[in-house]
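The primary structure of each chain is shown beneath.
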Amino acid sequence: MNPSDETLMAYADGELDAATRKQVEASMAADPQVARRLAAHQALRSQLHASFDKVLEEPVPPHLIALVRSAAKGSEVGQVLQFPRKQAQRRAWLQWSSLAASFVLGALLWQLASRMYPTAPITESKGALVASGALARALNSRLASQQTASDPVQIGVSFRSRQGAYCRTFQLRDTAATAGLACHGDDDWIVQVAARADASATAHSQYRQAASTLPPMVLEAVQEAIAGDPLDAGAEAQARAAGWRAGH
Amino acid sequence: MPPLSEALSVELVELLPRLRRFARALAGNMSDADDLVQIAIERALSRAEQLHDGAPLAGWMFGILRNAWIDEVRGRARRNRVFVPEELGAQVPDPSSGQALLLPVQQALQRLPDEQREVIGLVLIEGLSYREAAQIIDVPIGTVTSRLARGREALQAMLGDVEQERA
Numbered sequence: 001m002n003p004s005d006e007t008l009m010a011y012a013d014g015e016l017d018a019a020t021r022k023q024v025e026a027s028m029a030a031d032p033q034v035a036r037r038l039a040a041h042q043a044l045r046s047q048l049h050a051s052f053d054k055v056l057e058e059p060v061p062p063h064l065i066a067l068v069r070s071a072a073k074g075s076e077v078g079q080v081l082q083f084p085r086k087q088a089q090r091r092a093w094l095q096w097s098s099l100a101a102s103f104v105l106g107a108l109l110w111q112l113a114s115r116m117y118p119t120a121p122i123t124e125s126k127g128a129l130v131a132s133g134a135l136a137r138a139l140n141s142r143l144a145s146q147q148t149a150s151d152p153v154q155i156g157v158s159f160r161s162r163q164g165a166y167c168r169t170f171q172l173r174d175t176a177a178t179a180g181l182a183c184h185g186d187d188d189w190i191v192q193v194a195a196r197a198d199a200s201a202t203a204h205s206q207y208r209q210a211a212s213t214l215p216p217m218v219l220e221a222v223q224e225a226i227a228g229d230p231l232d233a234g235a236e237a238q239a240r241a242a243g244w245r246a247g248h
Numbered sequence: 249m250p251p252l253s254e255a256l257s258v259e260l261v262e263l264l265p266r267l268r269r270f271a272r273a274l275a276g277n278m279s280d281a282d283d284l285v286q287i288a289i290e291r292a293l294s295r296a297e298q299l300h301d302g303a304p305l306a307g308w309m310f311g312i313l314r315n316a317w318i319d320e321v322r323g324r325a326r327r328n329r330v331f332v333p334e335e336l337g338a339q340v341p342d343p344s345s346g347q348a349l350l351l352p353v354q355q356a357l358q359r360l361p362d363e364q365r366e367v368i369g370l371v372l373i374e375g376l377s378y379r380e381a382a383q384i385i386d387v388p389i390g391t392v393t394s395r396l397a398r399g400r401e402a403l404q405a406m407l408g409d410v411e412q413e414r415a
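Heads up: the sequence lines are chains E and U, in that order.
When we follow my numbering, the leftmost residue of the first sequence carries the number 1, and every step to the right adds one.
When we follow my numbering, the leftmost residue of the second sequence carries the number 249, and every step to the right adds one.
For reference, chain E alone in the conformation it holds in the complex:
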């Protein structure tokens, strides 16, 4: 018997039943050519292993381990996640993100305007847009649960970015409803994106207010940056206590 190539592969992969295995072994014993063909399959398998098994020796990036562990730790301190409907919310963000392009111009105008007014809540420093004044104070000290509707700066969601930095969304009441996303750098809050809030976004009132009033461009930036879930109230307070510095 001369086994087909598929049979030989199945033999090399341990997929044959005992009877067929015996037949293959018999034909190998009778015909060295069969044995050579099988050896080629086995050689490929060990080449692949020799190459890819090195990944098993590499240290696993800590953020991947932390992501898994954070999901298990949730219950230990009895925390209640603030965003139980995460799936629905993410889908909503995705829908809105398709509208993002129309907000780019608004964001650029906002950036230009903020350069002209050094006392603005967003200023330029070393090529980056940095939160200052009332915005910086709110980002540093305000917990989302403690604010009132009359605060000129409203803090939305806080989360860890994929790079591990703390990020928060914000809205400025008195600056024509500008909203944005800031992530904590070494010392300052770096504004990643800021745009005019679209009044029509408030129509999505079935979602949590903090998210629903953000312009699509900001939501898209959140979606792009976020690692895992938004911080709950306890984690938000801990992050504030740590000065919003990564590594905690």
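No wet-lab data here; the hints were simulated from the structure.
Built from N, CA and C at the ideal position, the CB exists for glycine as well.
Accuracy of the hints is not assured; some may be wrong.
[What the hints assert, rightly or not] Quick partial rundown of chain E residues pointing at chain U, CB under 10 Å, derived from the structure:
1) Asp5
2) Ala40
3) His41
4) Gln47
5) His49
6) Val55
7) Glu58
8) Pro61
9) Ser70
10) Ala72
[Said to hold, decoys possible] Here are the in silico distance ranges between beta carbons for each label pair:
11) Gln42/E x Arg322/U: 28 to 36 Å
12) Ala242/E x Arg322/U: 32 to 40 Å
13) Ala43/E x Arg295/U: 38 to 46 Å
The hints should help you fit chain U onto chain E, whose structure is shown.
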């Protein structure tokens, strides 16, 4: 309710090296592969209620990772792919490309069609059975067998060429 029981989270952490290996086989480079692992973990956590202690975690995770690759990372990897010269043996690595350290067998794997690469990854690298691979990809076992055969043949041809050039 936490998304994940303590026991499952330990098991998932222990599985991370294998998930990274499978992701590397699919995506080809470390950064796309680790992005892929992160997306797979996020997806798994969002539907952790499908799992209970003692359930076969590995196959479930490989499936989630494979689907995440198809949905999100595959297109990006293709856009970023560094041009691979026809003559694998004559390649001069570009140190800035991140592909400089790819071994010939890894390069050859990246040149396979996606559908062949994923079965090679699942069966030959991760050691899954044909049946498990068929369930993950959601195709009949016969399809796994034939993709595996074509993929092997192509790899052997590419690697054989390299060997001959060196000889």
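Evaluated hints:
| no. | hint | verdict |
| --- | --- | --- |
| 1 | Asp5 | 6 Å, holds |
| 2 | Ala40 | 6 Å, holds |
| 3 | His41 | 7 Å, holds |
| 4 | Gln47 | 5 Å, holds |
| 5 | His49 | 7 Å, holds |
| 6 | Val55 | 4 Å, holds |
| 7 | Glu58 | 7 Å, holds |
| 8 | Pro61 | 6 Å, holds |
| 9 | Ser70 | 9 Å, holds |
| 10 | Ala72 | 3 Å, holds |
| 11 | Gln42/E x Arg322/U: 28 to 36 Å | 30 Å, holds |
| 12 | Ala242/E x Arg322/U: 32 to 40 Å | 38 Å, holds |
| 13 | Ala43/E x Arg295/U: 38 to 46 Å | 40 Å, holds |
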